[in-house]
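*Asks:* First to last, the protein sequences are chains A and B. Residue numbers for the first sequence follow the numbering used here, so the first one is 211 and each next one is one higher. Residue numbers for the second sequence follow the numbering used here, so the first one is 10 and each next one is one higher.
Don't read these hints as lab results, they were simulated from the structure. Heads up, a few of these hints could be off.
[Claimed, not checked] Distance condition first, Cα-Cα at most 20 Å in a straight line; then the derived EDC-like pairs of lysine to aspartate or glutamate:
no., chain 1, residue 1, chain 2, residue 2
1, B, K125, A, D308
2, B, K125, A, D258
3, B, K125, A, D222
4, B, K58, A, D308
5, B, K210, B, E91
6, B, K58, A, E219
7, B, K100, B, E152
8, B, K156, B, E91
9, B, K217, B, E91
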Amino acid sequence: MSAHENAQEGYDFAHPLPLPLLAGTFLVLTLLTVLTVAQASFNFGSLDVLIVMVIATIKAVLVGAIFMHLAWDKPFNILCFIGSFVFVGLFIMATLFDSRQTAKDDIPVLDDAVVAAPAEM
Amino acid sequence: MATTDAGLVSDAHEQPGHGHSDHGHGDHDHPSYLAHHFDTPEQQFDSGKLGMWLFLVTEVLFFSGMFCAYAIFRAWRPEVFEGCSQFLNTKLGAINTGVLLFSSFTMAWGVRCAQKEQHKLLTAMLATTLSCATMFLGVKAIEYSHKWHLGLLPAGLFSYDPSNPHPVGGPNYLAYICAPFVVITAAVAVWLVVSFLRGAKFQFECAKPLMVVCLCFFVGVGLGTILESGGDEGHHEDGHAVVAAVDGEHGAAADHGEGHSHEKEGEHAEHAEASEAEAVVELPPAGAMVNQSTDLAVIERLASDATNTGLQDELAARRAQSQRSGGGILYDVTDDTAATIASAPEDVLRPSRAGVFFSIYYCMTGIHAIHILAGIGVLVWLLVRSIRQDFNRNYFGPVDYVGLYWHIVDMIWIYLFPLMYLIR
């Protein structure tokens, strides 16, 4: 309300964002998309997924902070939203841990005889 | 009494402690946009926004299940994901990403227009956002129909045959997908003409932008067709080569019949020739190989195995083994099925594995597309209200909430696009 000293309580709470900021955000997002497509033609080995995810996360943060006004939003709204992403991170990480641990559990069978698989690690 | 929709109102609201219970519905001493149970427009806006954020949290959790499935299956079979993603046209995905980002921009601009009471511009922005949404679906229609035609379907229905990648006949999927949009476009066109002839000004004003929105679907279809046909050659041969290479890695040395049909294709033919050359390279004496190559221990084992019927098979096995240890890609030029016992089940499983990738692909992009359809629904509602000039600087909540929803749909695509289209 500080910007509207003369306004009545509860009125004029809109904070229209400057157009150059919105256009600039769109421009940066487009450039990042071009970058992410371009990097796909180089081979970074196992870093690939990491690079792609970092670029995507930068884009998501830009969309969230500026297009969705999170940078000016109530802290509780931000907390809810970020909280859901923390959950997603934990969810996928925990599942992948299990997936990696059990992936090599196959017991090869040759000629009806169970071949003892070498212990992992 | 003092009820103006746009501005500051009513002395009744100057007292913060003003109770609402003491006036009934007939007693409208508050702006028409302010619900009875709210004291101020800001309180109403903040409540609505909190509700929207909580809904968006459930959306994130909803999609997280699918991203998790993606992560698990990719961790299990990275080569299947890499191979299958070659069938997705990166150009179409990139264009759709651009279209969605632009629609997000116009949506954010629309919220600004609503806050600044620029009614005409708000209508234009909402119409642009809607047009981008239908264009996205148009491109998607090309993408889907093309894949269905090739038989690149979810597990269970997956029927892609590398030796016959472009089957003749089959239903015209594109026509089926476009049919509802054609009907809607025709209906809007009729509405436009009728409202013009009857002089129904408001209806005509609504039908005009919606007509553009409908036509944009076909712009998307056209754009998709151009990009799909332009990118066809490289993209598809790539895809086939990769699938064949995955075969090779799995030790599928048998003659599938696909290798031969593909030999005319550029890159693939080179591979095949290279491996043929590899195959005729003379083998070193058996003893030397036993000493030098740990892989030969496996051959020794195979040779002593009861299932191995003779020296021929053993030799074939050795040959295949030396090919593999020499770094050559195991190709289907020699008939050494017996050398790789494991190859048979691997082959049987391959289409279903590709089917798993496409199940995840259709599930994720399909549910995303359903979200776009839902977004189109609420945006049309906003468009009509915007033409009615419902929104002002104290009441722009609906525009803002739909905007938040639209941005999260965009955000999900931001992650979907690289994960699906750009992996190698």
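*Asks:* Against this structure, judge whether each hint is valid.
*Replies:* Now the hints, each set against the structure:
1. About 52 Å separates the Cα atoms of B:K125 and A:D308, which puts this hinted pair outside 20 Å; it is violated.
2. A distance of roughly 44 Å separates the Cα atoms of B:K125 and A:D258; the hinted pair therefore is violated under the 20 Å criterion.
3. Taken as a hint, the B:K125 and A:D222 pair is honoured in the structure, with Cα atoms around 10 Å apart against an allowance of 20 Å.
4. At roughly 38 Å between alpha-carbon atoms, B:K58 and A:D308 are farther apart than 20 Å, so this suggested pair is violated.
5. Of the pairs offered as hints, the one joining B:K210 and B:E91 is violated, with about 55 Å between alpha carbons and a cut-off of 20 Å exceeded.
6. The hinted pair formed by B:K58 and A:E219 meets the criterion: a straight-line CA distance of about 19 Å does not exceed 20 Å.
7. Our distance criterion of 20 Å between C-alpha atoms is met by B:K100 and B:E152, whose separation comes to about 11 Å.
8. For the suggested pair B:K156 and B:E91, the alpha carbons sit about 17 Å apart, so the restraint of at most 20 Å is met.
9. Between B:K217 and B:E91 the alpha-carbon distance is near 45 Å, which puts this suggested pair outside the 20 Å criterion.
In summary, the structure is inconsistent with hints 1, 2, 4, 5, 9 from the numbered list given earlier, while agreeing with the others.
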